[in-house]
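Participant: Fit chain B with the ligand to the given chain P structure using the hints.
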Amino acid sequence: MSKLTISVRKFDAVIVGAGGAGLRAAIQLSEAGLKTAVLSKVFPTRSHTVAAQGGVSASLGNSEEDHWHWHMYDTVKGSDWLGDQDAIEFMCRKAPEAVVELEHFGMPFDRTDEGKIYQRPFGGHMSNFGEKPVRRACAAADRTGHAMLHALYQRNVRANTQFFVEWMALDLIRDADGQVLGVIALEMETGEIVAFHAKATIFATGGAGRIYYSSTNAFINTGDGLGMAARAGIALEDMEFWQFHPTGVAGAGVLITEGVRGEGGILRNSDNERFMERYAPNAKDLASRDVVSRAMVTEINEGRGCGPAKDFVLLDITHLDPATIMKRLPGIREISIQFAGIDPIKAPIPVVPTCHYQMGGIPTNFHGQVVNPDGSTVTGFYAAGECACASVHGANRLGTNSLLDLLVFGKSSGDSVVEAVKAGPNALKELPADFADYTLARLNRLNTQKGGASVNETRLELQRTMQKHCGVFRFKDMLVEGVSKICDIEKAVHLTEIGDKSATWNTARVEALELDNLIEVAKSTMVSAEARKESRGAHVRDDAPDTAANPNGRDDELWLKHTLWHREGNKLSYKPVQLKPLSVETIALKTRAY
Amino acid sequence: MISSAELNRLRWRCTRRAMLEMDLLLGGFLERQFHDLTPAQAVAFIQLADMEDLELWPLITGKRECENSLQAEVVNMLRDVRVK
Ligand SMILES: Cc1cc2nc3c(=O)[nH]c(=O)nc-3n(C[C@H](O)[C@H](O)[C@H](O)COP(=O)(O)OP(=O)(O)OC[C@H]3O[C@@H](n4cnc5c(N)ncnc54)[C@H](O)[C@@H]3O)c2cc1C
Numbered sequence: 001m002s003k004l005t006i007s008v009r010k011f012d013a014v015i016v017g018a019g020g021a022g023l024r025a026a027i028q029l030s031e032a033g034l035k036t037a038v039l040s041k042v043f044p045t046r047s048h049t050v051a052a053q054g055g056v057s058a059s060l061g062n063s064e065e066d067h068w069h070w071h072m073y074d075t076v077k078g079s080d081w082l083g084d085q086d087a088i089e090f091m092c093r094k095a096p097e098a099v100v101e102l103e104h105f106g107m108p109f110d111r112t113d114e115g116k117i118y119q120r121p122f123g124g125h126m127s128n129f130g131e132k133p134v135r136r137a138c139a140a141a142d143r144t145g146h147a148m149l150h151a152l153y154q155r156n157v158r159a160n161t162q163f164f165v166e167w168m169a170l171d172l173i174r175d176a177d178g179q180v181l182g183v184i185a186l187e188m189e190t191g192e193i194v195a196f197h198a199k200a201t202i203f204a205t206g207g208a209g210r211i212y213y214s215s216t217n218a219f220i221n222t223g224d225g226l227g228m229a230a231r232a233g234i235a236l237e238d239m240e241f242w243q244f245h246p247t248g249v250a251g252a253g254v255l256i257t258e259g260v261r262g263e264g265g266i267l268r269n270s271d272n273e274r275f276m277e278r279y280a281p282n283a284k285d286l287a288s289r290d291v292v293s294r295a296m297v298t299e300i301n302e303g304r305g306c307g308p309a310k311d312f313v314l315l316d317i318t319h320l321d322p323a324t325i326m327k328r329l330p331g332i333r334e335i336s337i338q339f340a341g342i343d344p345i346k347a348p349i350p351v352v353p354t355c356h357y358q359m360g361g362i363p364t365n366f367h368g369q370v371v372n373p374d375g376s377t378v379t380g381f382y383a384a385g386e387c388a389c390a391s392v393h394g395a396n397r398l399g400t401n402s403l404l405d406l407l408v409f410g411k412s413s414g415d416s417v418v419e420a421v422k423a424g425p426n427a428l429k430e431l432p433a434d435f436a437d438y439t440l441a442r443l444n445r446l447n448t449q450k451g452g453a454s455v456n457e458t459r460l461e462l463q464r465t466m467q468k469h470c471g472v473f474r475f476k477d478m479l480v481e482g483v484s485k486i487c488d489i490e491k492a493v494h495l496t497e498i499g500d501k502s503a504t505w506n507t508a509r510v511e512a513l514e515l516d517n518l519i520e521v522a523k524s525t526m527v528s529a530e531a532r533k534e535s536r537g538a539h540v541r542d543d544a545p546d547t548a549a550n551p552n553g554r555d556d557e558l559w560l561k562h563t564l565w566h567r568e569g570n571k572l573s574y575k576p577v578q579l580k581p582l583s584v585e586t587i588a589l590k591t592r593a594y
Numbered sequence: 595m596i597s598s599a600e601l602n603r604l605r606w607r608c609t610r611r612a613m614l615e616m617d618l619l620l621g622g623f624l625e626r627q628f629h630d631l632t633p634a635q636a637v638a639f640i641q642l643a644d645m646e647d648l649e650l651w652p653l654i655t656g657k658r659e660c661e662n663s664l665q666a667e668v669v670n671m672l673r674d675v676r677v678k
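Line order of the protein sequences matches chains P and B.
With the working numbering, letter number 460 in the first sequence gets 460, and the count goes up by one each step, no holes.
With positions in the second sequence counted from 1, the corresponding number in the working numbering is that position plus 594.
In isolation and in its complexed conformation, chain P is listed as follows (with noise of 0.2 Å):
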């Protein structure tokens, strides 16, 4: 890559992102004869919404009644309050019609034996506004996921969806008025540069799991959406709140299922004591995330965790029949010879709680549009998926409503540009003269970049800050000096050096891009969850305990508001929680408490 050149292909639209969320908005563009271009980093059904396996939740009510307003409260309740009623509304009423049409799209849904989609139950799925638990989730066996993308992409094919595979997009390009031109691109077999310019993009960039150490986010989670977004000048909303998993393999990351403690597997301490009889007398080990995750911490903390560093906890199925554990949980103890080195059926397998799934991301309403702090539009900008935040979970994602949000919001967004295209003129509006300089520049910087960091380091090291400082059980000093230890990180990042400055194939240079955004989406988190000062969701401090004035640390005094981070002088500012549903009353507050 010895000079840095840059062609410009134009197009209707541009979406970035070939997973659930993308393929899903590729479709509705497609069939409306738009031009669209599909970027992804990697082939479409290699997305990580492949790793999906619990399934996709629609008040179907085929197995026994259900409807989408207990959908809905079940959502607004999990969300602990912050998820906006209007978008929840709108994505509950939604998802039977999503579901559905998925299925006609090819989707292998289990059935009945009546040749119904076949329902199963799933934490936090409820009827009655809370009542009983009802079965909601529909799934394609434990490969919903795979099943969801392949369907979608044999529909792009259909539809004659123009694919970019193994482009990264490096940069949005925004113009004075603040209005999305397309993004900047990298072909990664070539090393060129090319700008898409387009009248619409869509960001569907999935999660950004990889900010924390131990993960069960793919190595493609680095929050790029999020990175370009900030850059150009895009506020990113409740990005505090993050979903850990409390199974995690420690070291590995890799995710055991709930079913295993479902099964009767057990948490052990050093002591070999099972702790989770003093957190959660009743449910034990079978307490919610949160609860079983926290106390997980809690015991690390107090010095009972178990290994040579004391860092981690045992999750013990020793005392079932083998027989048992062959026939109910093959794949967890295929999982743990490979990556835990131990025979389940032996010993018990060790384990951390582990960062799932991001709630926060780029401000959309439920039409998929990007919003200002403000509340008006950003001209030409849309987004749908993990990457984004309707905000539909708030504070606490329910299973199973991500892959559903993929559903509704890709779809939604797709339908906006659609119009927004057909309406708008039929010219693209002129690209800046200076447009492609900032990239050019953040390119030219990493080729010669002399005595830099280590990408490889700095990740780690990026890592390891955010476990330690922001990980499931939040304190105050702890996060103070988090904000000022990731500050000293991102001086790292904007000076880091990689060997190999060849054109084809860098992967070095990738990385060393992904890691810009990591920096961002990283000191986004840092920041919104040292201001936080309530517990919320999965928001937990330390400082904000469950008090009767506060049950569980909430404040909605103060704190029943979302988060938005500016990038440019590292600035928090807030706006209201939109309570008001769009056709049914209020859910109003309350206690989370199950």
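Think of the hints as simulated: they come from the structure by calculation, not from any bench.
Misleading hints may appear alongside valid ones.
[As the list claims (entries may be wrong)] Here are some chain P residues pointing at chain B (derived, C-beta under 10 Å):
| # | residue |
| --- | --- |
| 1 | 42 |
| 2 | 43 |
| 3 | 48 |
| 4 | 50 |
| 5 | 215 |
| 6 | 254 |
| 7 | 337 |
| 8 | 449 |
| 9 | 453 |
| 10 | 507 |
| 11 | 590 |
Note that the Cβ used here is the ideal one computed from N, Cα and C, for glycine as well.
Facilitator: Relative to chain P, chain B with the ligand alone:
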């Protein structure tokens, strides 16, 4: 011999998988063991890396039979990748 560009492409395809499990296994293998493979084994590994994760995982766990003895040889080595 595999060129450095080809190796880089292989590296991308081994470490940007759909599932974390596969990033760890294929990425770990590439880093530590790939250079010890015979040319024939290297070809077999590249074919495995081209598979989708949900096709590859059953081979590793033994739920599905390998297509030939060469593939089985490489899959056996993959099973021995210790992540930690
Ligand atoms: C282990 C695991 C299990 C899960 N199980 C469930 C479940 O059972 N039910 C549920 O509802 N949710 C589940 N989730 C969450 C859910 O899978 C994700 O939230 C969802 O799949 C995200 O989809 P997406 O379309 O937003 O992004 P992804 O599927 O992650 O796709 C992102 C796309 O963006 C592309 N991309 C990113 N950056 C760039 C760039 N710079 N340039 C070009 N392209 C780019 C990628 O190549 C990819 O195509 C699970 C998550 C994990 C980790």
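Participant: Against each hint, give a clear statement of whether it holds in the structure.
Facilitator: Hint by hint, here is what the structure shows:
Annotation: residue 42/P was flagged as interfacial toward chain B, and the flag holds, the nearest CB pair being 5 Å apart, inside 10 Å. The restraint placing residue 43/P at the interface with chain B holds, with a minimum CB-CB distance near 9 Å, inside the 10 Å limit. Using the Cβ-Cβ criterion of 10 Å, the hint placing residue 48/P at the interface with chain B is satisfied: the shortest such distance is roughly 6 Å. Interface hint status for residue 50/P: upheld, as the beta-carbon distance to the closest one in chain B is roughly 4 Å, under 10 Å.
Taken as an interface hint, residue 215/P checks out: its beta carbon lies about 8 Å from the nearest beta carbon of chain B, inside 10 Å. At its closest, the beta carbon of residue 254/P sits 6 Å from a beta carbon of chain B; the interface hint therefore holds under the 10 Å criterion. Of the supplied interface hints, the one on residue 337/P holds, with its beta-carbon coming within about 9 Å of a beta-carbon of chain B, less than 10 Å. For residue 449/P, the shortest C-beta to C-beta distance to chain B is roughly 19 Å, which exceeds 10 Å, and the interface hint is violated.
For residue 453/P, the suggested interface contact is broken, since its CB lies about 20 Å from the closest CB of chain B, more than 10 Å. For the restraint placing residue 507/P at the interface with chain B, the shortest Cβ-Cβ distance is roughly 5 Å, inside the 10 Å limit, so the hint holds. Given hint, residue 590/P at the interface with chain B, is violated; its Cβ is 36 Å from that chain's nearest Cβ, farther than 10 Å.
Consistency with the previously given hints fails for numbers 8, 9 and 11, ordered from lowest to highest.
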